[in-house]
Amino acid sequence: MLTISRLRLASQIVCFLLIVYLGYLGVRIIQWNKIILTLPTLSCYYTDHRIASCFLRSLQEALSGGWKLGYTTLIAPILLFLIFGLIFGRSWCSWVCPLGFVQDVFIRIRKFLHIGYYNLSDNLKVVSIFARWFFVISLASIAIGIGIPHFFLKQYQYDLVTPFCQICPSKQIFPCVEGRFKEMMVVDNISTLSTVMSCIAIGIFVFYLATTSFIRRMWCRLCPMGALLGCLNKLSFLSLRKEGKRCTKCGICERSCPVQVKEVYEEKEKERIDPTDCTLCYRCVEMCPEKDALKIGFFKLPIARSKFKRFSQASAVKTLKTQKEKS
Amino acid sequence: MITKADAKYLPLLPSEEKEELQKAFKASVQKTVAENIEKMRKVPNRARAMEYFDQVSDFFGMREKEIHEFKVQGGKVVGFACMLAPVELIMAAGAIPIRIDSGFYTPSKIGDRVVPVEVCPVIRSMIGLTMADLYPYLEMCDAIISPNSCDGKTKVCEILGDAFPVWEMNVPKVKDTPEAKAYWLHQVKDVKSKLEKLTGKKITRKAMRTAIAKTLKATAASRRLQDLRKGSPAVISGRDAMLVEQMTFFDDIGRWADKTNLLCDELEAKVREKAYVAPQETPRILLTGSPMIWPDCWKIPNLIEESKPAGLIVADELCSGDRVFFDPVGVDEGSAGDMLKAIAERYVLPCTCPCFTSEKGNQDRIDKLQTMVKDYKANGVIYHVIRGCHLYAMEYMRLKRLCDRENIPIYYLDTEYSREDSGQMKTRIEAFIEMLSTKTQTDDLY
Chain P
327 MLTISRLRLA SQIVCFLLIV YLGYLGVRII QWNKIILTLP TLSCYYTDHR
377 IASCFLRSLQ EALSGGWKLG YTTLIAPILL FLIFGLIFGR SWCSWVCPLG
427 FVQDVFIRIR KFLHIGYYNL SDNLKVVSIF ARWFFVISLA SIAIGIGIPH
477 FFLKQYQYDL VTPFCQICPS KQIFPCVEGR FKEMMVVDNI STLSTVMSCI
527 AIGIFVFYLA TTSFIRRMWC RLCPMGALLG CLNKLSFLSL RKEGKRCTKC
577 GICERSCPVQ VKEVYEEKEK ERIDPTDCTL CYRCVEMCPE KDALKIGFFK
627 LPIARSKFKR FSQASAVKTL KTQKEKS
Chain G
509 MITKADAKYL PLLPSEEKEE LQKAFKASVQ KTVAENIEKM RKVPNRARAM
559 EYFDQVSDFF GMREKEIHEF KVQGGKVVGF ACMLAPVELI MAAGAIPIRI
609 DSGFYTPSKI GDRVVPVEVC PVIRSMIGLT MADLYPYLEM CDAIISPNSC
659 DGKTKVCEIL GDAFPVWEMN VPKVKDTPEA KAYWLHQVKD VKSKLEKLTG
709 KKITRKAMRT AIAKTLKATA ASRRLQDLRK GSPAVISGRD AMLVEQMTFF
759 DDIGRWADKT NLLCDELEAK VREKAYVAPQ ETPRILLTGS PMIWPDCWKI
809 PNLIEESKPA GLIVADELCS GDRVFFDPVG VDEGSAGDML KAIAERYVLP
859 CTCPCFTSEK GNQDRIDKLQ TMVKDYKANG VIYHVIRGCH LYAMEYMRLK
909 RLCDRENIPI YYLDTEYSRE DSGQMKTRIE AFIEMLSTKT QTDDLY
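Which chain is which? The protein sequence lines are P and G, in order.
Using our numbering, the letters of the first sequence correspond one by one to residues 327 to 653.
Using our numbering, the letters of the second sequence correspond one by one to residues 509 to 954.
Hints listed in this document are in silico derivations from the structure and should not be mistaken for laboratory results.
Note that the coordinates shown come from a computational prediction; the quantities given were computed from them, not determined experimentally.
Careful, some of the hints might be misleading.
Said to hold, decoys possible - In the DSBU-like style, the derived pairs of lysine-lysine whose C-alpha atoms are separated by at most 35 angstroms in a straight line are:
#1 G:Lys-573 with P:Lys-650
#2 G:Lys-868 with P:Lys-571
#3 P:Lys-635 with G:Lys-908
#4 G:Lys-782 with P:Lys-635
#5 P:Lys-626 with G:Lys-882
#6 P:Lys-571 with G:Lys-908
#7 G:Lys-697 with P:Lys-635
#8 P:Lys-635 with P:Lys-596
#9 P:Lys-596 with G:Lys-681
#10 P:Lys-647 with G:Lys-579
#11 G:Lys-584 with P:Lys-647
#12 G:Lys-882 with P:Lys-596
#13 G:Lys-697 with P:Lys-437
#14 P:Lys-652 with G:Lys-710
#15 G:Lys-689 with P:Lys-644
#16 P:Lys-644 with G:Lys-738
#17 P:Lys-647 with G:Lys-738
#18 G:Lys-697 with P:Lys-588
#19 P:Lys-594 with G:Lys-697
#20 G:Lys-738 with P:Lys-596
#21 G:Lys-714 with P:Lys-588
#22 P:Lys-650 with G:Lys-714
#23 G:Lys-882 with G:Lys-547
#24 G:Lys-702 with P:Lys-647
#25 P:Lys-594 with G:Lys-738
#26 P:Lys-560 with G:Lys-689
#27 P:Lys-633 with G:Lys-882
#28 P:Lys-635 with G:Lys-710
As the list claims (entries may be wrong) - These stretches of chain G come out as covered by chain P in the derived footprint (C-beta under 8 angstroms, 3 or more residues):
#29 720-726
#30 761-774
#31 838-846
#32 851-858
#33 875-881
To be verified - Here chain G is said to cover these stretches of chain P; the calculated rule only asks that three of the stretch's residues, wherever they fall, bring their Cβ under 8 angstroms from a Cβ of chain G:
#34 427-441
#35 572-581
#36 627-640
#37 644-651
C-beta: ideal position from N, C-alpha, C; glycine also.
All chains should be modelled from the sequences, with the hints used to inform the complete structure.
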């Protein structure tokens, strides 16, 4: 049966293989007239054979290049980011992102072992929003600071280069995926600042490992890329639509949402619900038992609608076979 | 059974009186059941698969024997007084769930000795049944789960406590705040541990899983039947469909789903053969309001479908009908905690009972009725209120104002279990249906 979550898993596996391993087949970074393909996902710089660049990496490099060198190279990545973000919204996080796939692998292992999960309280959810914007602001300001000539940050440029990439959990994970286990959890001794940075990186990585399977998609709630993409969620062509009158408020969508989005459950008036937290994984659409209550929309065109049959295929407990099906 | 003379509410009846009452009750119930089925058989092109449900509908028939045998072998039977009780947990504990809401008229008169006549007849009837040990299913209950949903149910659990161990479940009146959800989950966990104690069997993850799979099958069957009723002209009469839904009260859920699927297969064949039960122009009626419970509450459906011109009940929004197995248990992950949460939320969150309220009022019910009118292409709504059912009566005006705005005819029908008012009911229903049929004809013209 082709359910939405199976389709998503297939897409994640394919994208993971493409982004991480396609380089081994001789494909180099895809570029056109010196414009490098930058994806709004954590397609990490530290994979040797990557085919596309991570938007955050390009952004930091361009900003720290300074006014003359860097800012002209800013146009292409930002344009690509806007185009990709406007078409697909935050669905990059749950359908493409390699780090998201790693999280889902952990979650699937936990599910397989029938272990429960924890939910973030409302206060912690607010904290996570602050954390993600803290990452965005600090990465941008440090990168800009490095770019300004004679500014004090300039002297730390070799320690602080691409500051977010140094603390991102991808840096620890992707070398492992390529077999370079020695690069995981390394403390740099070059200078005090680089030691501090690598300690922060290890701290974040340990936090990632500890929380990722017990709090569903914890990293997605902290990710600065998610924060930026989330702004485009309300405008994107791909969207989550709801027919409020058909909703019985059974609460299944809220319970099955991996990032604990409440609006899907609460909204009854507005047709379009795309909160900034939503990663458009469409688990709610396949779990909704009411016909046509939730829809995946591309512009106003519904791609898939919720229905009872889809629900019974997606539910973790399968419907008992009827007499007819048995015989 | 009441054993002590100093019980809180219920008096101890002398055994001769009890015997007499039991005999009279059995005879009258069997007569009413037979009469009702006779009336339902008169509908043209009635499905053959309905035979099974006719059989089960006899309270003193094969199902009673089955449960009796189950009890002799040491099985436990758990009754529940309201659809908010978690049936899956009862099944997972290996007990038979039986809904004990009563639709009998004669016991309601016995109940008058304990509570005033103004009280809803469902409650009075349940009290009467308990006083004289009339109802075989109620007698077999080892415990009763009583969610404190409406006014009547809140007190009846106290009164039935004289004869049975009653486990109350405290229903939060505002259902979708995080506190209310946590509170209700706690109630469900409480019932779970009580069930484990009663049956001596632990409710494991696997047991819950099987029970949920079983009710999901019933939900699928029930929804299939409801989808078939959306078609016009109809292939099943409203009374037949209501009877089918109502047999979930005491039938084995798995077998019920199989039989309902068989019925649906036959109905699908009827759609192809164009063997309809009523002509196209019959006004389609949506029933809502207080529960209509087999057999004595069949008065109103009988009148609707037998009046001249006749109406056709296409759907109902009753807690004794389509709503029982409408909402599925949606399990996101298969862990025990998640399943328990799914079971708990299934009973309270989508429930449209007017015992719930919020700042927007019972908006879910209004929305549901609006979409139901559209989906089932209903021409009119009959709002059934049994005397004493204040919550439904008080919510009528909100629905009426909405229906007036949307130009949907709605009719308020207040009645009782007794048959004294059937003449008056007949006139009122006939007038409403006649109005509907002229309205549909004129609507067709323009």
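Can the restraint linking Lys-697 of chain G and Lys-437 of chain P be considered satisfied, given a maximum Cα separation of 35 angstroms? Cα-Cα ~22 angstroms, so holds.
Checking one constraint from the list: CA of Lys-697 of chain G to CA of Lys-635 of chain P, max 35 angstroms. Satisfied? 30 angstroms, holds
Please work out if Lys-560 of chain P and Lys-689 of chain G have their alpha carbons no farther apart than 35 angstroms. 30 angstroms, holds
Mind checking, does the region 572-581 of chain P have 3 or more residues with a CB under 8 angstroms from chain G? holds (count 8)
Lys-652 of chain P paired with Lys-710 of chain G [C-alpha distance capped at 35 angstroms]: The given pair, whose Cα atoms are some 29 angstroms apart, holds under the 35 angstroms limit.
Are there three or more residues in the region 644-651 of chain P whose C-beta lies within less than 8 angstroms of some C-beta in chain G? holds (count 7)
35 angstroms limit on alpha-carbon distance, applied to hinted pair Lys-702 of chain G and Lys-647 of chain P: Satisfied, since the Cα-Cα distance of roughly 30 angstroms is no more than 35 angstroms.
Is the straight-line distance between the alpha-carbon of Lys-633 of chain P and that of Lys-882 of chain G 35 angstroms or less? Between Lys-633 of chain P and Lys-882 of chain G the Cα gap is close to 17 angstroms, so the pair holds against 35 angstroms.
Given the hinted pair Lys-635 of chain P and Lys-908 of chain G, is their alpha-carbon gap at most 35 angstroms? 34 angstroms, holds
Does the alpha-carbon distance linking Lys-882 of chain G and Lys-547 of chain G stay inside the 35 angstroms limit? This hinted pair holds, its Cα atoms lying about 29 angstroms apart.
Between the alpha carbons of Lys-738 of chain G and Lys-596 of chain P, is the straight-line distance 35 angstroms or under? At roughly 28 angstroms apart (the allowed maximum being 35 angstroms), Lys-596 of chain P and Lys-738 of chain G satisfy the hint.
Per-stretch coverage check for the region 427-441 of chain P, three Cβ contacts closer than 8 angstroms to chain G: holds (count 3)
Consistency with the previously given hints is maintained throughout, with no hint failing.
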